[in-house]
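Take the given structure of chain A and dock chain B to it, following the hints.
Protein chains: 2
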Amino acid sequence: MSTRQTIALDAMGGDFGPDVVIPAAELARADLPGVHFAIFGDERRINPVLSRYPELCRVCTVHHTEKMIANDEKPSAAVRSGKDSSMRLAIEAVKNGDAGSVVSAGNTGALMAMSKLILKSLPGITRPAIASIFPTMRGKTLVLDLGANIACDAEILVQFAVLGSVYARVVMGIESPTVGILNVGSEDMKGHEQVRGAAAILSNVQFPGRYYGFVEGNDIAYGTVDVVVTDGFTGNVALKVAEGVAKMSSDYTKRALTSSPLAKLGALLAMPALKRLKKSLDPRFYNGGMFLGLDGVCIKSHGGMDEIGFANAIRVAAGLVENGFNRRVAYEIEQLMNQEAFISSVSAQAIS
Amino acid sequence: MSTRQTIALDAMGGDFGPDVVIPAAELARADLPGVHFAIFGDERRINPVLSRYPELCRVCTVHHTEKMIANDEKPSAAVRSGKDSSMRLAIEAVKNGDAGSVVSAGNTGALMAMSKLILKSLPGITRPAIASIFPTMRGKTLVLDLGANIACDAEILVQFAVLGSVYARVVMGIESPTVGILNVGSEDMKGHEQVRGAAAILSNVQFPGRYYGFVEGNDIAYGTVDVVVTDGFTGNVALKVAEGVAKMSSDYTKRALTSSPLAKLGALLAMPALKRLKKSLDPRFYNGGMFLGLDGVCIKSHGGMDEIGFANAIRVAAGLVENGFNRRVAYEIEQLMNQEAFISSVSAQAIS
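Those protein sequences? They're chains A and B, same order as listed. If you read the first sequence in the numbering used here, its first letter stands for residue 1, the second for the next number, and so on. If you read the second sequence in the numbering used here, its first letter stands for residue 1, the second for the next number, and so on.
Okay, chain A solo, but in the shape it has when bound (with noise of 0.2 Å):
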């Protein structure tokens, strides 16, 4: 069997550890036949678990550690001390070819930190990413980078459009996907210099995606274009930003069909419609935050999930593996800065 179908398990991430994890593993392989399992963790907390599942154990392998990553640990001090931690060895496994991606629930600022300094970039990637998928009012659209960057430059945000459009036709199947920049109004004027150089960039040359202009907030939503990008703090801003309204908006309509008895009536009634809107929502189907631009798959779920969401999560790994998204970027990119549009707006943006 090709280790490529390994995926290696940080058990001990999320707020649940294997208690989540296992079961999720035990969800996924159902969907992903000739997988196997790579478990790093606690094995006083993993067996227990995992011999629920006869099927499981059969294709999976557990590498016991006592060692984890703190959800509170600074980035900084889990590369720092984290050796033979759960996480650490999940990435190595990926990093030595004995996993094909790695899946963590564990802190999220630790996981970019090490698998950045364990995997590296891809070639020509400045700097990964962190993307997941929103649901839109037209379908799902992918945004990137959620936080893994403070500041980006324009060559950076043409980097994130490049990984941004390969994930959409290789993961998403969309032929030509569209691809707008994060800005505060669809103008060529507005917004600060990074966006406006990437915009100049990203007209200019030829990489997997259609460049679509500024987009704004609503935009994201509204499902205008098939890719967003923008820099780690606009992203994760945005990101917290929709979690909220979502959760408000859901938590005032549950208080106006409880508030009264005919109200009560009929959200009884309307309750199978309800239901269906309220899956097709899930969080948990979005939820696996993709870092691309790594030289090895790594995702990272939702640390609250439970074992559907990150069963979701470890599909999205399978997922990036088998449609060779790594290799397609590695070849765009190379593509990208050969481009002789490519260098020139480059150098004239470093000069000016």
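Relax, there's no trap hidden among the hints.
Cβ pair distances, simulated, as ranges:
| hint | chain 1 | residue 1 | chain 2 | residue 2 | range |
| --- | --- | --- | --- | --- | --- |
| 1 | B | A341 | A | R327 | 51 to 59 Å |
| 2 | B | L268 | A | R276 | 17 to 25 Å |
| 3 | A | P261 | B | P33 | 37 to 45 Å |
| 4 | A | R255 | B | A350 | 42 to 50 Å |
| 5 | B | I308 | A | R276 | 29 to 37 Å |
| 6 | A | G304 | B | L268 | 35 to 43 Å |
No lab work stands behind these hints, which were simulated from the structure alone. In this text, a Cβ means the ideal position worked out from N, Cα and C, and glycines have one as well.
Chain B only, in chain A's frame:
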């Protein structure tokens, strides 16, 4: 009658011009005894609408001009060539003391550029900000800046904190408002130097609010603090992401509640409750982007608002004048700038 109670209205701004502005003035008039309106714009379009409201005619003066600022005009062009435009004349009425405040639904960038040029900033305020009230799960939160300033250094963010906390005290009536700085995490080391610098200053000085710490995007909808401070780029994205997600949520709910005969019957029974919900989140009651920090009161109404929304923007203008908002800001900024802790924080940051 004091000219403080005169409100200058740019009748030509927004998507509907006098067809919305005049009926809005009529609506607001009823709640604002003693108010006078100075209406600027094309009398051939204003007078036919005005003639329908004999009571309003008694408390208003029409100042005719045929010039107006187009919605797509660049702010710099509007400043250069906007002399005698309805927007500019309305702002000048405040400058000349003929009005206490100005309300316009016109081009936001032009309105900000012109009012900065004509009214100037309050002493001690480097740059005015656009502020607005967001509905939250706990009540209301003021967020600023929503787009006036793409980049803001630490000292400017601190000034926004003063503007926001004075607003929360004198207009929202909150004795000791909590102020948070929008960031990508709550820990001290998160974010860029501007937010960390502002946090360092606010932790050390006395100002009219209580510094809460960093807040994240979801804290806006959760209503974690009374005032959220951010730069205009991030704030504008946050505002528009929130608008987009709110629209998506309500659209999805509507679709669910019309997806089957049973759901439709349920929705019918729950209709009064759903209508109350819709009203409580009605953007028209949150209309009125406030330009805080100017030496004069200037309110921007959303361009697509109807008369109920524009009337609310008029009430916001009247409220700022009546509560002596600007006098209080000038006092508090002076208090801040005289503090040893402020002076040493700011100069330490300037050196580093």
